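Peer 1: Just need the whole structure built from these sequences, with the hints factored in.
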Amino acid sequence: MKKLKDTELVSLAKEGNKMAFSELVTRHQKPLFQFILRYMRNENLAEDIVQDAFIRSFTKLHTFEGRSAFKSWLYRIALNLAKNRLRREKPTYNIDNVHIGQTAEAESALVYEAIQKRIQEEISTLPDKQKEALHLRVFEDLAFKEIAEIMDCPYDTAKANYRHALMKLKNVFGEDKGLREWLNLINRELDILETNLGVEL
Amino acid sequence: MKDFKSELNRLYENYQVDEVKNKRLENKILAGLEDLPIHKKPFYMEAKYMRIASIFVMALTYIIFKQVTKNTRPASITAKLEVVAEGLDVDIVAQTTLALGAPDEALYQNVYTQAQHIDYKELKDIMEDI
Chain E
1 MKKLKDTELV SLAKEGNKMA FSELVTRHQK PLFQFILRYM RNENLAEDIV QDAFIRSFTK
61 LHTFEGRSAF KSWLYRIALN LAKNRLRREK PTYNIDNVHI GQTAEAESAL VYEAIQKRIQ
121 EEISTLPDKQ KEALHLRVFE DLAFKEIAEI MDCPYDTAKA NYRHALMKLK NVFGEDKGLR
181 EWLNLINREL DILETNLGVE L
Chain X
1001 MKDFKSELNR LYENYQVDEV KNKRLENKIL AGLEDLPIHK KPFYMEAKYM RIASIFVMAL
1061 TYIIFKQVTK NTRPASITAK LEVVAEGLDV DIVAQTTLAL GAPDEALYQN VYTQAQHIDY
1121 KELKDIMEDI
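Protein chains in written order, with our numbering: chain E, 1 to 201; chain X, 1001 to 1130.
Since the hints were made in silico from the structure, they are not lab data.
It should be emphasised that the depicted structure is a prediction, and the values quoted were computed from it without experimental measurement.
Certain hints may be false.
Said to hold, decoys possible - To give a feel for the contact side, a few chain X residues facing chain E, derived at Cβ under 10 Å:
| id | residue |
| --- | --- |
| 1 | 1002 |
| 2 | 1003 |
| 3 | 1006 |
| 4 | 1018 |
| 5 | 1020 |
| 6 | 1026 |
| 7 | 1028 |
| 8 | 1029 |
| 9 | 1033 |
| 10 | 1034 |
| 11 | 1060 |
Beta carbons: idealized from backbone N, C-alpha and C, even for Gly.
Peer 2: Given below as structure tokens:
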């Protein structure tokens, strides 16, 4: 089973071969869990979503026509579940204040933690499509072609969503002196997009 | 040189999948799948539901045909379909219409196949009721 491609495993699973589907689970479960965990920032919710996504893909496998990769289809199911769940749950995150009177090292760690929380918070409040494009591009390191497949949209739309996410973060970070370094990183990333117009990224 | 993607990845290291939890989740998923009937087709793919679905589709077509060409007095299609439903196995009509509400390619193909095996008298009776 381990040597078979996803498409071959899907064909076998459609015929009722559970070993084939188990192999698909083993192959995709960890990266999907990692992806959904970062998207939802809640381990228990992420576990539920990943489990539900596999059950749904398993029971709906007969409707999978292979127009996209199995991975894209699976991620799309999981993302839709995650979005619906987040809409219902609307989790709140506490951003801790940096405490005064710490050692320099501890203070630096606290500053880092504050920046980390701030940026994660800003990303979590991006519009759904922009957030999806950003997560898939940054954490999954996917090409826009694959992102478009997962988001079920044209290539240019996937790219535009990523660009809009960057622009939105740029505006927010631009107003915060503590995030100057991040502003430069975003500008460089935007440059890459703009200097490669017409090139598949 | 630092770049946006790698720095952001680093910033999300606090959301790293724990290997033990990951393995536990994998086992949970695999155990959950054991109980699911992968080989079983959805209920509406079974012949008895297809028969109902086919009659529904044909009856609906017939109703629209009558409405459009014969200029019969207006009546809601839903009401007329309820008449059709009365002549069928009521328990499964709701499920069948649900399936018809979210059709896929396989459903179309099955309706088409099964439609060719509808009992002529049954269809005639239903259409006369309409």
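Peer 1: Confirm or reject each hint.
Peer 2: Results of checking the hints against the structure:
Annotation: interface hint on residue 1002/X holds; nearest CB of chain E at approximately 6 Å, less than 10 Å. A cut of 10 Å between beta carbons decides the hint on residue 1003/X: the least distance to chain E is about 7 Å, and the hint holds. Taking 10 Å as the C-beta cut-off, the interface hint given for residue 1006/X holds, the closest approach to chain E being about 9 Å. Taking 10 Å as the C-beta contact cut-off toward chain E, the hint placing residue 1018/X at the interface holds, the least distance being around 8 Å.
With a cut of 10 Å, the hint placing residue 1020/X at the interface with chain E is violated, because the nearest CB-to-CB distance is about 12 Å. At its closest, the beta carbon of residue 1026/X sits 5 Å from a beta carbon of chain E; the interface hint therefore holds under the 10 Å criterion. Nearest Cβ of chain E to the Cβ of residue 1028/X: about 6 Å, under the 10 Å cut. The hint holds. With a least beta-carbon distance of about 5 Å to chain E, the hint placing residue 1029/X at the interface is held under the 10 Å criterion.
Taking 10 Å as the C-beta cut-off, the interface hint given for residue 1033/X holds, the closest approach to chain E being about 6 Å. Among the interface hints, the one on residue 1034/X holds; its C-beta lies about 7 Å from the nearest C-beta in chain E, closer than the 10 Å criterion. Annotation: residue 1060/X was flagged as interfacial toward chain E, and the flag is violated, the nearest CB pair being 23 Å apart, outside 10 Å.
Checked against the numbered hints above, the structure violates hints 5 and 11; every other hint is satisfied.
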